[in-house]
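Protein chains: 2
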Amino acid sequence: MNQLKEEIKTVAVIGTGVIGNGWIARFLANGHDVIAYDPAPGAEEKTRQAVELAWTSLLKIGLAPGASVDRLQFVSTIEEAVKEADLIQENVPEREELKKNVLASIDYYANPEAIIGSSTSGIMPSRLQKDLKHPERLIVAHPFNPVYILPLVELVGGQLTESSVIERASRFYQSVQMKPLVVRKEIEGHLADRLMEALWREALHLVNDGIATTEEVDAAIVYGAGLRWAQMGPFLTFHLAGGNAGMRHMLEQFGPALKQPWTKLEAPELTDELKEKVIEGCETHAGDSSVADLENKRNEFLVKVLELAEEYWPATNSVSKI
Amino acid sequence: MNQLKEEIKTVAVIGTGVIGNGWIARFLANGHDVIAYDPAPGAEEKTRQAVELAWTSLLKIGLAPGASVDRLQFVSTIEEAVKEADLIQENVPEREELKKNVLASIDYYANPEAIIGSSTSGIMPSRLQKDLKHPERLIVAHPFNPVYILPLVELVGGQLTESSVIERASRFYQSVQMKPLVVRKEIEGHLADRLMEALWREALHLVNDGIATTEEVDAAIVYGAGLRWAQMGPFLTFHLAGGNAGMRHMLEQFGPALKQPWTKLEAPELTDELKEKVIEGCETHAGDSSVADLENKRNEFLVKVLELAEEYWPATNSVSKI
Numbered sequence: 001m002n003q004l005k006e007e008i009k010t011v012a013v014i015g016t017g018v019i020g021n022g023w024i025a026r027f028l029a030n031g032h033d034v035i036a037y038d039p040a041p042g043a044e045e046k047t048r049q050a051v052e053l054a055w056t057s058l059l060k061i062g063l064a065p066g067a068s069v070d071r072l073q074f075v076s077t078i079e080e081a082v083k084e085a086d087l088i089q090e091n092v093p094e095r096e097e098l099k100k101n102v103l104a105s106i107d108y109y110a111n112p113e114a115i116i117g118s119s120t121s122g123i124m125p126s127r128l129q130k131d132l133k134h135p136e137r138l139i140v141a142h143p144f145n146p147v148y149i150l151p152l153v154e155l156v157g158g159q160l161t162e163s164s165v166i167e168r169a170s171r172f173y174q175s176v177q178m179k180p181l182v183v184r185k186e187i188e189g190h191l192a193d194r195l196m197e198a199l200w201r202e203a204l205h206l207v208n209d210g211i212a213t214t215e216e217v218d219a220a221i222v223y224g225a226g227l228r229w230a231q232m233g234p235f236l237t238f239h240l241a242g243g244n245a246g247m248r249h250m251l252e253q254f255g256p257a258l259k260q261p262w263t264k265l266e267a268p269e270l271t272d273e274l275k276e277k278v279i280e281g282c283e284t285h286a287g288d289s290s291v292a293d294l295e296n297k298r299n300e301f302l303v304k305v306l307e308l309a310e311e312y313w314p315a316t317n318s319v320s321k322i
Numbered sequence: 001m002n003q004l005k006e007e008i009k010t011v012a013v014i015g016t017g018v019i020g021n022g023w024i025a026r027f028l029a030n031g032h033d034v035i036a037y038d039p040a041p042g043a044e045e046k047t048r049q050a051v052e053l054a055w056t057s058l059l060k061i062g063l064a065p066g067a068s069v070d071r072l073q074f075v076s077t078i079e080e081a082v083k084e085a086d087l088i089q090e091n092v093p094e095r096e097e098l099k100k101n102v103l104a105s106i107d108y109y110a111n112p113e114a115i116i117g118s119s120t121s122g123i124m125p126s127r128l129q130k131d132l133k134h135p136e137r138l139i140v141a142h143p144f145n146p147v148y149i150l151p152l153v154e155l156v157g158g159q160l161t162e163s164s165v166i167e168r169a170s171r172f173y174q175s176v177q178m179k180p181l182v183v184r185k186e187i188e189g190h191l192a193d194r195l196m197e198a199l200w201r202e203a204l205h206l207v208n209d210g211i212a213t214t215e216e217v218d219a220a221i222v223y224g225a226g227l228r229w230a231q232m233g234p235f236l237t238f239h240l241a242g243g244n245a246g247m248r249h250m251l252e253q254f255g256p257a258l259k260q261p262w263t264k265l266e267a268p269e270l271t272d273e274l275k276e277k278v279i280e281g282c283e284t285h286a287g288d289s290s291v292a293d294l295e296n297k298r299n300e301f302l303v304k305v306l307e308l309a310e311e312y313w314p315a316t317n318s319v320s321k322i
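As you go down the protein sequences, you meet chains R and P in turn. The opening position of the first sequence corresponds to residue 1 in the working numbering, with each subsequent residue numbered one higher. The opening position of the second sequence corresponds to residue 1 in the working numbering, with each subsequent residue numbered one higher.
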């Protein structure tokens with residue numbers, strides 16, 4: 001890992017909106033030199049303010065030796081930003097033509113060995129890389145807001161991406177305290193946004209149909225599933241909802257609900273093959289832990305997070321006050 | 001609230017699976033007498049074990065004066081269970097005909113003043129109440145697993161439910177440390193399960209299409225959105241993703257993505273009316289807090305929950321270890 005830190009020292013960040021600024025703060029906190037570029041007037045000042053806000057949290061999380069906000073430099077062209085960089089993080093607005101144009105410039109001026117990571121929320125890397133001179137070093141590296149705190153980064157290679165690039169990138173993002181999830185097949189929205197977007201669209205339907213206010217939707221997540229999802233995803237959560245028989249029982253019990261209009265989204269057919277995939281997936285994930293073991297661990301976590309959450313939940317009028 | 005505790009003293013729990021047992025533990029911990037019924041062989045023993053497991057957490061959360069596991073009594077008929085009860089919580093398997101039959105018995109034997117709360121995940125109360133003698137006291141009171149820790153309970157009235165019953169129920173569930181969310185319009189899946197089910201179905205599609213394993217889906221939630229959802233729902237989360245202009249900017253930036261196939265779920269048309277509803281909803285919810293204020297609060301929470309989560313996350317092979 002030390003070797004890698006030497007390998008990727010200077011990072012360029014192209015596009016300094018909420019996501020770009022989040023990356024800058026994370027890279028600085030992990031002891032990198034960061035060169036930033038954004039054509040918007042006042043971008044540098046906004047970035048420095050955003051980094052300052054983030055720094056309060058980063059100090060609590062812990063800074064790498066030598067980390068400093070002074071190691072951020074703003075420049076006025078893409079060329080200057082990328083020419084010395086070992087890794088370039090692109091974060092321009094989510095419009096395919098714009099991203100392709102910017103990526104073409106980055107690709108043109110950057111060292112061919114430098115990795116280009118695009119923060120795109122939904123566009124497939126094969127579409128972004130196809131006109132590049134060096135498409136093999138383009139990956140999607142999709143983070144989550146606030147980028148300087150949340151550990152998830154989805155890494156997605158396109159048809160032309162070299163697998164060694166994904167490996168190098170994975171080691172790099174780990175070195176800045178992230179948890180890279182390599183997505184095995186590129187699809188629009190990658191993986192996490194498929195899930196979030198399904199929930200988001202359902203939420204918009206609910207508001208649109210007058211079933212709930214935005215605040216009620218938020219309360220419906222925060223006080224229930226949200227607390228669980230901070231520790232376990234939907235599969236392991238349901239594995240625990242099935243009693244001792246876990247997911248196998250859960251699918252028997254709630255499988256039929258997949259035919260019900262409990263969302264606007266149609267479910268896949270719950271074939272035996274899909275059932276087994278899901279059951280086996282949960283059992284493999286659970287490993288040697290019984291459902292009761294996992295329940296105990298979940299409960300310990302939930303009691304603590306509940307205490308924490310009581311303190312920080314935004315006031316809401318949607319649910320009755322205790 | 002003391003008056004109410006006097007009013008609802010004895011609670012009956014009909015059906016003692018994972019959810020029923022969760023209710024029993026919560027009611028006992030809050031100082032109630034609980035009478036339980038389940039026809040399955042060995043039900044009482046399983047319940048007592050489940051209550052014991054829950055009690056470890058409930059001791060940490062804090063017990064009400066006089067709370068004791070000894071105040072649980074198992075009986076052998078629905079009649080015995082409900083005849084003295086002030087509130088009856090029904091938790092039989094999610095099959096409409098079965099629920100209606102059991103509810104008819106409960107309704108027949110219970111004091112007409114007693115409230116009947118059904119834990120149904122998805123069935124509308126109007127369908128459950130229509131053949132009852134006293135339909136006005138039937139509500140959906142839908143909790144979340146583990147019921148003895150998670151505070152959310154959705155309260156849904158049917159066409160024949162008296163509004164005073166919802167108010168009494170709301171006060172009662174608050175008195176057992178819950179956060180009742182009164183759902184303004186009955187739909188299948190109520191509110192929280194609409195959202196969870198959309199995410200769940202998308203997750204099943206991803207596994208079915210070979211895009212991800214169950215473990216990868218779980219990682220995609222836990223390390224990213226899940227941490228946020230423990231504090232803020234999808235709307236307020238996106239309000240903070242939009243920079244200082246909040247949801248208004250966010251909808252400009254990501255509104256077009258609603259047309260993209262980022263999930264199998266089709267989005268509603270993002271009309272001006274829907275936009276304004278969403279923006280106004282977020283701004284009302286945020287109240288006097290600026291986006292920066294909310295960011296600070298979110299960050300403080302996330303830094304703490306991240307620390308906690310590191311300790312409790314189930315081991316996963318899907319994401320690279322740090």
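No lab work stands behind these hints: they were computed from the structure. Possibly wrong hints are sitting among the right ones.
[Claimed, not checked] Here are some of the chain P residues that sit facing chain R, going by a computed Cβ distance under 10 Å: (1) Pro39; (2) Gly42; (3) Lys46; (4) Val69; (5) Asp70; (6) Ser121; (7) Leu160; (8) Ser163; (9) Ser164; (10) Leu181; (11) Arg228; (12) Phe238; (13) Trp262; (14) Thr271.
[Said to hold, decoys possible] No farther apart than 20 Å at their CA atoms in a straight line, the calculated lysine to any residue pairs in the SDA-like style are these: (15) P/Lys46 <-> P/Val69; (16) R/Lys9 <-> R/Ala64; (17) R/Lys297 <-> P/Leu308; (18) P/Lys275 <-> R/His205; (19) R/Lys60 <-> P/Lys264; (20) R/Lys264 <-> P/Lys264; (21) P/Lys46 <-> R/Lys277; (22) P/Lys304 <-> R/Glu300; (23) R/Lys46 <-> P/Asn296; (24) R/Lys46 <-> P/Val291; (25) P/Lys264 <-> P/His205; (26) P/Lys100 <-> R/Pro256; (27) P/Lys100 <-> P/Glu52; (28) P/Lys60 <-> R/Asn296; (29) R/Lys264 <-> P/Glu266; (30) P/Lys130 <-> P/Asn111; (31) R/Lys60 <-> P/Leu306; (32) P/Lys259 <-> R/Leu59; (33) P/Lys304 <-> R/Trp313; (34) R/Lys297 <-> P/Glu52; (35) R/Lys277 <-> P/Asp209; (36) R/Lys60 <-> P/Glu307; (37) P/Lys304 <-> R/Leu59; (38) P/Lys297 <-> R/Glu300; (39) P/Lys259 <-> R/Met124; (40) P/Lys9 <-> P/Lys60.
Just so it is clear, CB atoms sit at the ideal spot from N, CA and C, and this is done for glycine as well.
Each hint, compared with the structure:
1. A least Cβ separation of about 17 Å between P/Pro39 and chain R goes past the 10 Å threshold, and the interface hint is therefore violated.
2. The beta carbon of P/Gly42 is not positioned within 10 Å of any beta carbon in chain R (closest approach about 12 Å), and the interface hint is therefore violated.
3. Look at P/Lys46: its Cβ gets to within about 9 Å of chain R, closer than 10 Å, so that hint holds up.
4. The beta carbon of P/Val69 is not positioned within 10 Å of any beta carbon in chain R (closest approach about 16 Å), and the interface hint is therefore violated.
5. Look at P/Asp70: its Cβ only gets to about 22 Å from chain R, farther than 10 Å, so that hint breaks.
6. Hint status for P/Ser121 relative to chain R: holds, with the closest Cβ pair at about 7 Å, below 10 Å.
7. Using the Cβ-Cβ criterion of 10 Å, the hint placing P/Leu160 at the interface with chain R is not satisfied: the shortest such distance is roughly 20 Å.
8. Interface restraint check: P/Ser163 against chain R, minimum CB-CB distance 14 Å, threshold 10 Å, status violated.
9. Residue-level restraint check for P/Ser164 is violated (minimum Cβ-Cβ distance to chain R is 15 Å; threshold 10 Å).
10. At its closest, the beta carbon of P/Leu181 sits 5 Å from a beta carbon of chain R; the interface hint therefore holds under the 10 Å criterion.
11. The interface hint given for P/Arg228 is met, as the beta carbon of that residue sits about 7 Å from the closest beta carbon of chain R, less than 10 Å.
12. Below 10 Å, beta-carbon pairs count as interface contacts, and P/Phe238 has one with chain R at about 8 Å; its hint therefore holds.
13. Look at P/Trp262: its Cβ gets to within about 3 Å of chain R, closer than 10 Å, so that hint holds up.
14. Checking P/Thr271 against chain R by beta carbon gives a least distance of about 8 Å; that is within 10 Å, so the hint holds.
15. Of the pairs offered as hints, the one joining P/Lys46 and P/Val69 holds, with about 14 Å between alpha carbons and a cut-off of 20 Å not exceeded.
16. Taking the CA atoms of R/Lys9 and R/Ala64, the gap is about 13 Å. The hint holds against a cut of 20 Å.
17. With a C-alpha separation of about 12 Å, the suggested pairing of R/Lys297 with P/Leu308 holds against the 20 Å cut-off.
18. The straight-line distance between the Cα atoms of P/Lys275 and R/His205 is roughly 12 Å, inside the 20 Å bound, and the hint therefore holds.
19. Distance hint between R/Lys60 and P/Lys264 is unfulfilled; the C-alpha atoms sit about 40 Å from each other, more than 20 Å.
20. With a C-alpha separation of about 10 Å, the suggested pair R/Lys264 and P/Lys264 falls inside the 20 Å cut-off, and the hint holds.
21. Pair hint P/Lys46 plus R/Lys277 does not hold up; C-alpha atoms about 29 Å apart against a cutoff of 20 Å.
22. Proximity of P/Lys304 to R/Glu300 is assessed by CA-CA distance (about 15 Å); at most 20 Å being required, the pair is judged to hold.
23. Between the alpha carbons of R/Lys46 and P/Asn296 the distance comes to roughly 16 Å, so the proposed pair stays at or under 20 Å and holds.
24. Only pairs whose Cα atoms come within 20 Å are accepted, and R/Lys46 paired with P/Val291 is accepted, the gap being roughly 14 Å.
25. Restraint check: the Cα-Cα separation between P/Lys264 and P/His205 comes to about 8 Å, which is no more than 20 Å; the hinted pair holds.
26. Proposed proximity of P/Lys100 and R/Pro256 is supported: the alpha carbons are some 18 Å apart, at most 20 Å.
27. Distance check on the hinted pair: P/Lys100 and P/Glu52 sit about 31 Å apart at the alpha-carbon level, beyond 20 Å; violated.
28. A distance of roughly 13 Å separates the Cα atoms of P/Lys60 and R/Asn296; the hinted pair therefore holds under the 20 Å criterion.
29. The suggested pairing of R/Lys264 with P/Glu266 holds, with an alpha-carbon distance near 8 Å, which does not exceed 20 Å.
30. The suggested pairing of P/Lys130 with P/Asn111 holds, with an alpha-carbon distance near 18 Å, which does not exceed 20 Å.
31. Proposed proximity of R/Lys60 and P/Leu306 is supported: the alpha carbons are some 11 Å apart, at most 20 Å.
32. For the given pair, P/Lys259 sits about 40 Å from R/Leu59 by alpha-carbon distance, which is inconsistent with the 20 Å threshold.
33. The hinted pair formed by P/Lys304 and R/Trp313 meets the criterion: a straight-line CA distance of about 13 Å does not exceed 20 Å.
34. Under the criterion of a C-alpha separation no larger than 20 Å, the hint pairing R/Lys297 with P/Glu52 is consistent with the structure, at around 15 Å.
35. Taking the CA atoms of R/Lys277 and P/Asp209, the gap is near 11 Å; set against the 20 Å cutoff, the hint holds.
36. Straight-line distance between C-alpha atoms of R/Lys60 and P/Glu307 comes to about 10 Å, which keeps the hinted pair within the 20 Å bound.
37. With a CA separation close to 13 Å, the supplied pair P/Lys304 and R/Leu59 stays within the 20 Å bound.
38. Taken as a hint, the P/Lys297 and R/Glu300 pair is broken in the structure, with Cα atoms around 24 Å apart against an allowance of 20 Å.
39. Taking the CA atoms of P/Lys259 and R/Met124, the gap is about 16 Å. The hint holds against a cut of 20 Å.
40. The straight-line distance between the Cα atoms of P/Lys9 and P/Lys60 is roughly 23 Å, outside the 20 Å bound, and the hint therefore fails.
Violated hints for the displayed structure, listed by number in ascending order: 1, 2, 4, 5, 7, 8, 9, 19, 21, 27, 32, 38 and 40.
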